[in-house]
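Between the sequences and the hints, there should be enough to build the whole structure, so can you do that?
Residue numbers (the numbering used here), protein chains in the order written: chain W, 12 to 271; chain S, 520 to 793; chain X, 182 to 459.
You may find that some hints are simply not true.
What follows is a list of derived Cβ distance ranges for each label pair [as the list claims (entries may be wrong)]: (1) W/Met58 / X/Gly292: 51 to 57 Å; (2) X/Gln228 / S/Lys643: 44 to 50 Å; (3) X/Ser359 / W/Gln240: 40 to 46 Å; (4) X/Leu214 / W/Asp259: 19 to 25 Å; (5) X/Arg295 / W/Glu169: 46 to 52 Å; (6) X/Leu442 / W/Asp259: 46 to 52 Å; (7) W/Glu169 / X/Leu442: 23 to 29 Å; (8) W/Ala69 / X/Asp361: 17 to 23 Å; (9) X/Arg199 / S/Gln687: 38 to 44 Å; (10) X/Ala202 / W/Ala69: 19 to 25 Å; (11) X/Leu442 / S/Gln687: 28 to 34 Å; (12) W/Val51 / X/Val209: 40 to 46 Å.
Just a sample of chain S residues kept apart from chain X, beta carbon distances all over 10 Å, derived [to be verified]: (13) Thr543; (14) Glu689; (15) Leu704; (16) Gln756.
Here are some, though not all, of the chain X residues that point toward chain S, as calculated from beta-carbon distances under 10 Å [claimed, not checked]: (17) Arg188; (18) Asp193; (19) Pro194; (20) Arg199; (21) Ser203.
Bear in mind the hints are in silico, worked out from the structure with no lab data behind them. Cβ atoms here follow ideal geometry from the backbone N, Cα and C, with glycine treated the same way.
Spelled out, the chains give:
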Amino acid sequence: MKHASSAPCISTLLLLGGLVLLIVASFATLPLQWRAFLSVDAAKATMEFLRGFVPPEAAPAFLHKLLIATAETLSMSALGTGIAAMAGLAFALPASGRFGTMPRAAMRLVLNVARSIPELVWASILLIAAGLGPFAGTLALAFHTSGVLGRLFADAMENTPPLPEASLRINGASALAAFLYAALPQTLPQMLSYALYRWENNIRAAAVLGVVGAGGLGQMLKYHLSLFQMQQAASVIVAMLLLVALVDTISFAMRRLMMS
Amino acid sequence: MSFVLDGVTVRHHAPLAQRPLALTEVSLNAAAGEQIALIGPSGAGKTTLLHTLACAMRPQAGELRLFDTQAWNLPEAQRHALRKRLFLAPQTPPLPPRQRVVTAVLAGLLPQWGMRQALASLLKPADPQCAYDALARFSLQDKLYARVDRLSGGERQRCSMARLIVSQAELLLVDEPLSALDPTLAMHTLTVLQQEAAARRATLVCSLHQIELARAHFPRIVGLRDGCVMFDAPRHQVSDDMIAALYKHATTPASASTPQDQEPKQILPLIRCF
Amino acid sequence: MAASTIRTAPPDPAWRGRVTASVLTLVVLWPMLVWSEFKPWVLLDAQSLAATGRFLADFFPPAHSAEFLRLAAEATWQTVAMATAGMTLALLGAVPMTIIATERLSISRIGTGRIRILGRAVRLFVRWLLVGLRSVPELVWALLLVRIVGLGPTAGVLAIALTYCGMLGKVYAEILESADPHASDALLRNGASRLAALCYGTLPESASELVSYTIYRWECAIRGSVVMGFVGAGGLGQRMDESMKMLAGGEVATMLIIFVLLVACADSISKMLRRRLA
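Dropping the structure here:
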């Protein structure tokens, strides 16, 4: 039960003051065009714009293209997450201290950098190596998610009880065998759960990676918006929402299945 | 000689400033095929002694000779090869909760398997019959494909023994295998253990709290207290007075952690490097 | 006595399932590889290697001319400002919506346990509004808003405001729902206004969680702002996009370093704030 708030100390007040300053400075220094947003003209223009979306395009030929783009996006996210799970497992071994303190620190730094860089930024860099198209997107998701999963897996491995693995090693099993027969079974359910949860995040990321040219629904959206084909764009957005809902459901169901 | 401990001193794993002694100048030896019961109050150092024999803890002083080799003078790889000839069964069954019993038991064969066989056995158990037979000796054959976390404490302990049976070790070091078993089961399990050791002509060192079982079944009894060997005698020479003296006013050393705490910390360095 | 060797071990019940799972995985994997144009050998193609090599070589040294660093610093500040402004607007929207949507403050619920029709309808509407706002990826919002308000940080600020309004609204509601209802119920029963019930009933208990989540979201917003720069919303992202299009490896390297440092900074500030305020 929290006690009634005592008089806040000076440092907290300063902190709050700093926050307020930050907020005010943000609004002041940004070249925000309030007029472009708040005037009656702007409201009318926005209404016009939004009206252009209805009804969403549903011609069979277009829907076919949409389906292909959806398949592309789904594959990108699934493959990217899958590759990241395997890479994450490999990276988690040094990152959990199994090769010593130096490799642990080095690996964790690499993982931190990988997960700090957003998927979109990875994608635009990887386009140089992989060319335009969904392959760059898959790689971008793989690189970013390896950082995330590698860190999560390493933490899980560090937190498991070491007795089963230690026992196998004392009895003469090799380090790798002891890992596979003792440490891995203990951490696998949690790691799979993390991977599935990341898939939910990655389908959202995959949907928009196309904006920089990595294929899928994002590329279609940018294309149609640039040509001011609003109805097609609306269909693409609807497809994105449905795809995200689908993956969320599958991921949730699989995680429930594993917990049983 | 199966093993020789000569004046071995082992310290607890603790911050460098205060490192109490777990074993002080312990000398013990055993020929192949001997069966020794290790008794003593809690905190006496039984677990430490077993771990020292298993090459899991390095003595600060004294000499450990395993199978006529100075174990700690060998390079790491050879010492690890030496470990294949022994089996240490810890107090808490070291079984991963969500693993199936068949895989957990067959893990006793890992020291003999190559990497390919180990990997293949993960997908499909390589020798389920072997695990089945081992479990059957403890009447647990029906649990062959069950998950470890669905077993009771006593069943898990017996699975741990089944792993010992499946292994091909010549030196069996068992740490309190009967703690979760009722008297009938305890006697049965002990009998199976001793029969197996005799059949293989392996040396068996078993730490026990059930003194009557120890005196009834083991030909040689070693009493440990506060890290020192109080007596080491054939069973007919061990009197009630000696036992009483062993357990009299036994205090748990304040600075010693419980055996369970000790194991993981000491063993962690072993987990490193592939 | 080994009487049990007469009996043989039963077959592995998990084998069938494992084989099926493997086959299913392959069946699903193959089309996915095709659809996503998974061709790893493309990375080893001579042209691609040359381009990558040149780009990576440009990374050292990272661009460090005073002029460029000044531009980068400006862009970084713009990114932080975008995130902060966007979060502030999101808060301004989320707070009232949460208050409306939460069942904690329903007066018609007291005593009967059921909220009256109008109350339920309004709450349902607001909840669906929040779901809609956060389901659309923020980048899509940014793309649309750029067409309405033009290029520049306004689009970014609004995109963050809209998406995060939805996210904050949802999580705030969840936090309030999971708090102990006793205090606010008692106040409402005794005739206190909804706002009073909120401030004196639920808030003291949930405040730290609410603040913690908000600060965490601010951190995410910074990352989001960089991403939105790639569709023209200004800040560090837009600079990076421009440098990338010119294949100016050195500039990209500097900005990546700045970005990683920015994220690390935001992370530690966030941890510190959460410790102090929550």
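Right, here's what the structure says about each hint:
no.	hint	verdict
1	W/Met58 / X/Gly292: 51 to 57 Å	violated (44 Å)
2	X/Gln228 / S/Lys643: 44 to 50 Å	holds (45 Å)
3	X/Ser359 / W/Gln240: 40 to 46 Å	holds (45 Å)
4	X/Leu214 / W/Asp259: 19 to 25 Å	holds (24 Å)
5	X/Arg295 / W/Glu169: 46 to 52 Å	holds (49 Å)
6	X/Leu442 / W/Asp259: 46 to 52 Å	violated (34 Å)
7	W/Glu169 / X/Leu442: 23 to 29 Å	holds (26 Å)
8	W/Ala69 / X/Asp361: 17 to 23 Å	violated (49 Å)
9	X/Arg199 / S/Gln687: 38 to 44 Å	violated (28 Å)
10	X/Ala202 / W/Ala69: 19 to 25 Å	violated (37 Å)
11	X/Leu442 / S/Gln687: 28 to 34 Å	violated (56 Å)
12	W/Val51 / X/Val209: 40 to 46 Å	violated (53 Å)
13	Thr543	holds (43 Å)
14	Glu689	holds (21 Å)
15	Leu704	holds (17 Å)
16	Gln756	holds (32 Å)
17	Arg188	holds (7 Å)
18	Asp193	holds (6 Å)
19	Pro194	holds (6 Å)
20	Arg199	holds (7 Å)
21	Ser203	holds (9 Å)
In terms of the numbered hints stated before, the structure departs from hints 1, 6, 8, 9, 10, 11 and 12, listed from lowest to highest.
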